[in-house]
Amino acid sequence: KAVGFSARLLRQFRGDDLLREKPAGRDARAEPIEGFAADALTAIWQECLAHGPKVSRLDAEQRHEFRKEMKTLRYLAEFFAPLWPDTDQPETQWPEFRQKLQDLQDDLGLLNDLANARKRSPGKKARPVVTPEEDQALARADALWAAFSTQPMWWQDAPPADHNA
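According to the numbering used here, the residues represented by the sequence shown are 241 to 405, in order.
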């Protein structure tokens, strides 16, 4: 998956333009990377927000898709964070953002594991009973997502670093 990451990213946000030698390709390559990065982060952030305000309202399949999109957000954020000044400093939003993202992913992973175990268990019922562990993970995920989804996004609030200075 990591090997194909950059190619998928290029296809998703710019088509093949960046790879072409025609004027559109040259123009796309001339754009500052910070704009490309902010566009990529904003696009996946919007996909995450589209899942709504409550993780507990999502079924297992929707939570799995949400988890995958949050993982993409995390990888993009980790990859592009150095383009913004001070994202590695404790007083900035990035460390808090990364920690909330990791915590939410942990709960989404637990919920996914529990859903998969339920599917594979013999004698499954038409309406599965939610276990206390799942109930707690859903409550934590709801609280984390509520806090996380309403905070300002550091790539939208801070100007990019001047790498030419």
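Honestly, I wouldn't trust all of these hints.
[Unchecked claim] DEER-style ranges, computed between Cβ atoms: (1) Arg266 - Ala387: 20 to 30 angstroms; (2) Asp267 - Lys359: 46 to 56 angstroms; (3) Arg358 - Glu271: 17 to 27 angstroms; (4) Gln376 - Glu287: 20 to 30 angstroms; (5) Asp375 - Thr282: 38 to 48 angstroms.
[As the list claims (entries may be wrong)] No more than 16 angstroms apart at the CA atoms, straight line, and that leaves these computed lysine to aspartate or glutamate pairs for EDC-like: (6) Lys308 - Asp353; (7) Lys308 - Asp346; (8) Lys311 - Asp343; (9) Lys294 - Asp279; (10) Lys359 - Glu301; (11) Lys340 - Glu318; (12) Lys340 - Asp382; (13) Lys308 - Asp343; (14) Lys340 - Glu309; (15) Lys311 - Glu287; (16) Lys294 - Asp353; (17) Lys308 - Glu336; (18) Lys359 - Asp382.
By construction, these hints were calculated from the structure, which means they are not laboratory data.
Just so we're clear, the structure is a prediction, and the values are computed from it rather than from any experiment.
The C-beta atom is built at its ideal place from N, Cα and C for all residues, glycine as well.
Looking back at the hints listed earlier, which ones does the structure fail to meet? 1, 3, 5, 9, 16, 17 and 18
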